[in-house]
Amino acid sequence: MSGIETLVQSLTTQITATAWSVFILSWAIGWAIRGSPIPIFRLKREGQTIIEDAIMAAFWLAIGTTVFSLISYLAGEI
Amino acid sequence: MYSPGYFLFISSSLASLTYFIGTLIMGLPLPVYGVKKWGTKLILDGIYATVLINIYALIIYASQYIGSILGASWPNFFSWLYQILQVQITVSTLVKTAYVAASFSDDPGLSILMAPLMSLFSLLSGLIAVVETIIILSYVVYDYSGVFIAIGILFISLPFRIGRAIGGALIGFSIVFYIGLPYLPRFLSQLGVNILINGVPSNTNAGGLVNSMATQVVPIYVEGILVMPSAYLVILSGLALGLGSAISGSSARLPFPIEIF
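Chains as they are written, first to last, in my numbering: chain A, 1 to 78; chain B, 1 to 261.
A couple of the hints might just be wrong.
[Claimed, not checked] Covered stretches of chain A, as calculated for chain B (at least 3 residues, CB under 8 Å):
| hint | region |
| --- | --- |
| 1 | 4–10 |
| 2 | 50–58 |
[What the hints assert, rightly or not] Some, not all, of what chain A presents toward chain B, calculated at C-beta under 8 Å:
| hint | residue |
| --- | --- |
| 3 | Thr16 |
| 4 | Thr18 |
| 5 | Ala19 |
| 6 | Phe23 |
| 7 | Leu25 |
| 8 | Ile29 |
| 9 | Gly30 |
| 10 | Glu46 |
| 11 | Leu61 |
| 12 | Gly64 |
| 13 | Thr66 |
| 14 | Phe68 |
| 15 | Leu70 |
| 16 | Ile71 |
[Said to hold, decoys possible] The list that follows gives simulated cross-link-like pairs (lysine-lysine, DSBU-like), each with its CA atoms no further than 30 Å apart:
| hint | chain 1 | residue 1 | chain 2 | residue 2 |
| --- | --- | --- | --- | --- |
| 17 | B | Lys36 | A | Lys44 |
| 18 | B | Lys41 | A | Lys44 |
| 19 | A | Lys44 | B | Lys96 |
Hints are computed from structural coordinates only; laboratory data are not their basis.
Don't be surprised by glycine CBs; every beta carbon is placed ideally from N, CA and C.
Please build the complete structure, drawing on both the sequences and the hints.
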């Protein structure tokens, strides 16, 4: 493999790992905000939004990892 | 190294990179809508680029199929272009020969024809250059349309829609010109300006030659080699822009400027 492909693929791997870490962080921050003893509805709503976005991101991460791996596998087999 | 497969392989890597950057942005713990919307956009871009990569062969096949339905054939088109070139060179040689004959003559009546003959020769040389340009453009389209489509997909795969417009324009240009360019002879024939039907002037004396060249041959040549093919290229460019715009989802520009005159 040439330099560009290696660079792009290593970048993708690093970003995927970062995305999973960010998902866990967002999940924790979201629940921390939502469960905090502050009686401000808008703040709790933001916490809820962060949790929802983190779950959606994790879903697309899981789907993407599976689909792109499948495509790479099929392309390698042909 | 620079085969369509190579570009598509890099495109595939870039599409997955775009997708995962999208998921990263989507999962950020920042309640800022302006940043978050890029997450969804990039995920969609990654999926779109992956779809384009996987239908690459279908795009090529569809282009060839539509071209065959229209009755346009690349070998026939190249043959037509070289016949045009041959006719032009014949006429140009005739004019040059008349010019040389006039320059060697002591007859002042013939010498006076040298200036118009030289003008005609210059004009014919320009028209030969036009046909040569069309030949080069045709070879570029015929030989590299697959590579251009692959490069277009590569541009579309870049993250943050950096090369989306130019990628769409490249794909649109390649598809439209690959299908449409061989149709040029039929287009000209239907308009009655195909110069292969109007032959070389039969007048053999120098004065008659200049007269028939200036009043019959050159106007037909300018119309059939310069004006109508240019109009046809502009029509194709418009279609290419439209298709490029549809593919990229935004306004697109051609990879080269087109000017008629």
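Comparing the hints with the structure gives:
1. Residue count for the region 4–10 of chain A with a Cβ under 8 Å from a Cβ of chain B: 4. That meets the three needed, and the coverage hint holds.
2. Interface restraint, the region 50–58 of chain A with chain B: holds (6 residues with C-beta to C-beta distance below 8 Å; minimum three).
3. The closest approach between the C-beta of threonine 16 of chain A and any C-beta of chain B is roughly 5 Å, which is under the 8 Å cut-off, so the hint is satisfied.
4. Proximity of threonine 18 of chain A to chain B holds as hinted, the smallest CB-CB distance being about 6 Å (cut-off 8 Å).
5. A least Cβ separation of about 4 Å between alanine 19 of chain A and chain B falls short of the 8 Å threshold, and the interface hint therefore holds.
6. The beta carbon of phenylalanine 23 of chain A is positioned within 8 Å of a beta carbon in chain B (closest approach about 5 Å), and the interface hint is therefore held.
7. Interface restraint check: leucine 25 of chain A against chain B, minimum CB-CB distance 6 Å, threshold 8 Å, status holds.
8. Of the supplied interface hints, the one on isoleucine 29 of chain A holds, with its beta-carbon coming within about 4 Å of a beta-carbon of chain B, less than 8 Å.
9. Using the Cβ-Cβ criterion of 8 Å, the hint placing glycine 30 of chain A at the interface with chain B is satisfied: the shortest such distance is roughly 7 Å.
10. Interface hint status for glutamate 46 of chain A: upheld, as the beta-carbon distance to the closest one in chain B is roughly 5 Å, under 8 Å.
11. The beta carbon of leucine 61 of chain A comes within 5 Å of a beta carbon in chain B, closer than 8 Å, and the hint placing it at the interface holds.
12. Evaluation of the glycine 64 of chain A hint against chain B yields a held restraint, the C-beta minimum of about 5 Å falling below 8 Å.
13. Taken as an interface hint, threonine 66 of chain A does not check out: its beta carbon lies about 12 Å from the nearest beta carbon of chain B, beyond 8 Å.
14. For phenylalanine 68 of chain A, the shortest C-beta to C-beta distance to chain B is roughly 5 Å, which falls under 8 Å, so the interface hint holds.
15. At about 11 Å, the closest approach between the beta carbon of leucine 70 of chain A and any beta carbon in chain B exceeds 8 Å, and the interface hint on this residue is violated.
16. Annotation: isoleucine 71 of chain A was flagged as interfacial toward chain B, and the flag holds, the nearest CB pair being 7 Å apart, inside 8 Å.
17. Restraint check for lysine 36 of chain B and lysine 44 of chain A: satisfied, since their Cα atoms lie roughly 18 Å apart, inside the 30 Å limit.
18. Simply put, lysine 41 of chain B and lysine 44 of chain A have alpha-carbon atoms about 26 Å apart, close enough for the 30 Å limit, and the pair holds.
19. Note on lysine 44 of chain A and lysine 96 of chain B: the hinted pairing is violated, with a Cα-Cα distance of about 89 Å set against a maximum of 30 Å.
Consistency note: the structure conflicts with the earlier hints numbered 13, 15 and 19.
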